[in-house]
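Which chain is which? The protein sequence lines are A and B, in order.
Following my numbering, the numbering of the first sequence begins with 1 at its first residue and continues without gaps.
Following my numbering, the numbering of the second sequence begins with 1 at its first residue and continues without gaps.
Hints may contain errors.
In silico EDC-like cross-links for lysine to aspartate or glutamate, where the CA-CA straight-line distance does not exceed 20 Å [claimed, not checked]:
no., chain 1, residue 1, chain 2, residue 2
1, A, K42, B, E9
2, B, K68, B, E41
3, B, K76, B, E56
4, A, K78, A, E68
5, A, K57, A, D86
6, A, K42, B, D5
7, A, K42, A, E101
8, A, K42, A, E59
9, A, K57, A, E68
10, B, K57, A, E101
11, B, K57, A, E1
12, A, K78, A, E59
13, A, K42, B, E41
14, B, K76, B, E55
No lab work stands behind these hints: they were computed from the structure.
These numbers were taken from a predicted model, which means no experiment stands behind them.
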Amino acid sequence: EPEVTQTPSHQVTQMGQEVILRCVPISNHLYFYWYRQILGQKVEFLVSFYNNEISEKSEIFDDQFSVERPDGSNFTLKIRSTKLEDSAMYFCASSEMGYNEQFFGPGTRLTVL
Amino acid sequence: GQNIDQPTEMTATEGAIVQINCTYQTSGFNGLFWYQQHAGEAPTFLSYNVLDGLEEKGRFSSFLSRSKGYSYLLLKELQMKDSASYLCAVKAAGNKLTFGGGTRVLVKP
Chain A
1 EPEVTQTPSH
11 QVTQMGQEVI
21 LRCVPISNHL
31 YFYWYRQILG
41 QKVEFLVSFY
51 NNEISEKSEI
61 FDDQFSVERP
71 DGSNFTLKIR
81 STKLEDSAMY
91 FCASSEMGYN
101 EQFFGPGTRL
111 TVL
Chain B
1 GQNIDQPTEM
11 TATEGAIVQI
21 NCTYQTSGFN
31 GLFWYQQHAG
41 EAPTFLSYNV
51 LDGLEEKGRF
61 SSFLSRSKGY
71 SYLLLKELQM
81 KDSASYLCAV
91 KAAGNKLTFG
101 GGTRVLVKP
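One chain only, chain A, in its complex shape:
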């Protein structure tokens, strides 16, 4: 069964460093998303992406964040200068169309020291 994959599974970085989280969405899906979940808290929407551009973003997704689809399969989230409060599990998700269910990847646990 097709699934969303994410790398790395765990990333440890120093405050102020740049990180890139990578995702491979399900191949026939057209809509891509990033969510995050701080330990013990709810899942929060960051950004949605369709047709090579951002379609929606939350207040969390400020100038320090960017997304890119560098080729036909990968979808990346970059955090330019990480802060302690960016420590969270980051989930990539994809859906076939905008109204369909979203399928989540296994997540990348980001730890900022």
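Since the structure of chain A is provided, determine the placement of chain B on it from the hints.
Same frame as chain A, but now just chain B:
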């Protein structure tokens, strides 16, 4: 703003039935989703309601009343592996999901 409420925790016995309620107040409504999340893992899709009524999928059923801003997830014939958090999520406007805090269900033998 968006507000989604669900109980924090529920306990039930193996083989029993548990009903997890979710109430929501959102500006716009394009569907309500239920996800299961085991500790340290990703949410996995369980069910989707966009029209009023009951959707049944094996041991899991989900109900929606749009006029009441209310949904429930019913888990029948509970198994130990059903111990997890159950997340209610609403698609208000656009395609983003807004999640509730999740209900942790503990299944006891």
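How the hints compare with the structure:
The straight-line distance between the Cα atoms of K42 (chain A) and E9 (chain B) is roughly 14 Å, inside the 20 Å bound, and the hint therefore holds. Under the criterion of a C-alpha separation no larger than 20 Å, the hint pairing K68 (chain B) with E41 (chain B) is inconsistent with the structure, at around 32 Å. Pair hint K76 (chain B) plus E56 (chain B) holds up; C-alpha atoms about 11 Å apart against a cutoff of 20 Å. Under the criterion of a C-alpha separation no larger than 20 Å, the hint pairing K78 (chain A) with E68 (chain A) is consistent with the structure, at around 8 Å.
The straight-line distance between the Cα atoms of K57 (chain A) and D86 (chain A) is roughly 16 Å, inside the 20 Å bound, and the hint therefore holds. For a cut-off of 20 Å, the pair hint linking K42 (chain A) to D5 (chain B) stands: about 11 Å separates their Cα positions. Note on K42 (chain A) and E101 (chain A): the hinted pairing holds, with a Cα-Cα distance of about 18 Å set against a maximum of 20 Å. At most 20 Å may separate the alpha-carbon atoms for a hinted pair to count; K42 (chain A) and E59 (chain A) meet this at roughly 16 Å.
Note on K57 (chain A) and E68 (chain A): the hinted pairing holds, with a Cα-Cα distance of about 14 Å set against a maximum of 20 Å. At most 20 Å may separate the alpha-carbon atoms for a hinted pair to count; K57 (chain B) and E101 (chain A) meet this at roughly 15 Å. A C-alpha spacing of about 19 Å is found between K57 (chain B) and E1 (chain A), which places the hinted pair at or below 20 Å, so the restraint holds. Between K78 (chain A) and E59 (chain A) the CA atoms are separated by roughly 16 Å; this keeps the pair inside 20 Å, and the hint holds.
Straight-line distance between C-alpha atoms of K42 (chain A) and E41 (chain B) comes to about 13 Å, which keeps the hinted pair within the 20 Å bound. A distance of roughly 14 Å separates the Cα atoms of K76 (chain B) and E55 (chain B); the hinted pair therefore holds under the 20 Å criterion.
Hint 2 alone, counting from the list given before, is not met by this structure.
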